[in-house]
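Sequence order for the protein chains is Z and D.
Plus 2 on top of the position in the first sequence (first one is 1) and you've got this note's numbering.
Plus 2 on top of the position in the second sequence (first one is 1) and you've got this note's numbering.
Read the hints as simulated data drawn from the structure, not as lab findings.
The reader is advised that the hints may include incorrect statements.
It does not matter which identical chain is used: a pair holds within one copy or between any two.
[Said to hold, decoys possible] Okay, derived cross-link-like pairs now, SDA-like style, lysine to any residue, Cα gap no bigger than 25 angstroms in a straight line: (1) K308 / P97; (2) K141 / I213; (3) K351 / S7; (4) K109 / N119; (5) K264 / Y170; (6) K264 / A208; (7) K351 / E162.
Protein chains: 2
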Amino acid sequence: MWTQSRLLELLNIHHPIIQAGMAGGVTTPELVTAVSNAGGLGTLGAGYMEPEAIRKTIQDIKNLTRRSFGVNVFVPEFPYATEKEIGRVNQLLAPFRNELGIKDETKPQVDESLFENQIMIIKEQHVPICSFTFGIPDKDIIQDLKDEGIVLIGTATTVEEAILNEQYGMDAVVAQGSEAGGHRGTFSGSYSQSMIGTMSLIPQVADQISIPVIAAGGIMDGRGVRASMVLGAEGVQLGTAFVTCKESGAKPQHKEAILHTKETETVMTSSFSGKPARGIRNAFIERMEGYENDLLDYPLQNTLTKGIRKEAAVQNRSEFMSLWSGQSPRLSQSESAADIFQSIVSQAKRINS
Amino acid sequence: MWTQSRLLELLNIHHPIIQAGMAGGVTTPELVTAVSNAGGLGTLGAGYMEPEAIRKTIQDIKNLTRRSFGVNVFVPEFPYATEKEIGRVNQLLAPFRNELGIKDETKPQVDESLFENQIMIIKEQHVPICSFTFGIPDKDIIQDLKDEGIVLIGTATTVEEAILNEQYGMDAVVAQGSEAGGHRGTFSGSYSQSMIGTMSLIPQVADQISIPVIAAGGIMDGRGVRASMVLGAEGVQLGTAFVTCKESGAKPQHKEAILHTKETETVMTSSFSGKPARGIRNAFIERMEGYENDLLDYPLQNTLTKGIRKEAAVQNRSEFMSLWSGQSPRLSQSESAADIFQSIVSQAKRINS
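Please build the complete structure, drawing on both the sequences and the hints.
Okay, structure coming up:
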């Protein structure tokens, strides 16, 4: 049903559907391999993971599939914050911590060698596909991974970022439209100017680069898949569509929130991590509004709110959790990943015929 | 090449492509009729027009085509502003007026019977299609127009607004995604929560209403047309794609700006009219940033900035003009409306086959 494409060949998959490498425990080995075994590309969201945990999870994945799969990592940034700035954010977060009965974080911890160690594991484990968010890695890392035969996918939110990804040697690029849930992949230019809707972004990117374009943002079903390919993409990447599935490691409150919300209820916020991301509006986001200028840069802010998000899940207080979601929550489903994948493919097939 | 659809029948057209009823002189009789004669639906943007001018223009249109065409009008709102509030905006606008050498507006003038008089002309002239922006008219007006056999199209930016349009008896609804240029059609709920990308909006709307959905926002070529129909729309409405064509009455500076800008250069602003609209960022928008709370409500703000926009065009100072554009300016073309229309249809046809 799909025209044989460069992307299918490149990724060694049957259907041009990639499950996004969402960080924070969503992408369990069961989810990743359900997608890969169904003929798509499952992706481990390893952005926040320690190298040892990545190694173990990759081995779990390999035990569950012989198919192609990917690992997503975050190109790091190392911002600085003064004691005073950290103190100010801790002051803003104190009411939440009080309500949850947890104590202050002393200092945001950032492991400066995390990324390099993650890359080491990816090479060691001969991961078939490696995708990047939040930037493009150094040329020597790119060359290193390519020398191992690892296929590289970058992320772009504008035409310019897509061109940069091509110039730096990425094999394909995800074009992330403004509908997308979770963090913006923007790494060049301002966040606000890089909120381009998928309908606009895909054809304009496809016209300007030669490597395969993978559409992301608002795509949940066979209609979105087909539409993306009509717009000039060779494949799609779906995040929110898989957050709610049985195998997803997302917190139950997160799944329920997506399954029961409307397209008007998501909002862009930097309050959780210091970087703009789309999630379902809740009390944490609302109470942090107006303090945008006080937030620490990513990933410092993320480190400081981690305890709150974790404890909120334990205490079943979704109003303090980060409930990432794209703009199409009305199309979400709670079935198994294989069932969701199959229904997407079947619908795309019906549209084709 | 198109499956015969309810929309084609309803609008009595051959291709499911509507030229948006852009106000402010863009939609000349030549543009409207070029689109209608090509088999689409040309639309006169009559939102700001006096009844007598509408009558004359409709007669010009009828002299140029025997095909179906539409007239778009704005459902009115009547905000109030104190002398002090008006004075404050005049103070903000003074530097622009000084630079242009024009004098202060004394008071914003709003003709409270404009809409009713526009509707009278539409009935009198037996206009085939009437479309509405900024709301849904009273039930008696809807009934009145329907009794005349006039087909009615509403505008929605959310699922809820689409459902309201259906409930009030609209025959079809334009679902306007966040990529769209010019004013947001939002009339229920907040503007910021109603910025839904076209990729997300169309399928979610199509799932919830029974009347035909017309996709708008970021659509410029055959790819966008086909993608929209795959997503569940029966047709599309294109604005920016026709602003730059030969027959368009847009100011030359406006056309040039769209033809030479990038997808990252548009921005949402209320500074020109008091209502959020997407246009190309320029000095007027930048210098008005931070004064959002001082702006008068639409249409009062629009009235106060009119002289500036008009004189800026005369003096060739595009930095003070409203350069409305959607998020796909890289796909804009300067050919005749018929050529642009034909290239859209041909491309859609190629994708189909």
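To see whether the hints hold, each was checked on the structure:
no. : hint        : verdict
1   : K308 / P97  : within (15 angstroms within a copy, 48 angstroms between copies)
2   : K141 / I213 : within (18 angstroms within a copy, 53 angstroms between copies)
3   : K351 / S7   : both (16 angstroms within a copy, 21 angstroms between copies)
4   : K109 / N119 : within (23 angstroms within a copy, 66 angstroms between copies)
5   : K264 / Y170 : between (39 angstroms within a copy, 22 angstroms between copies)
6   : K264 / A208 : between (30 angstroms within a copy, 14 angstroms between copies)
7   : K351 / E162 : neither (33 angstroms within a copy, 30 angstroms between copies)
When the structure is compared with the earlier hints, a violation turns up for hint 7 alone.
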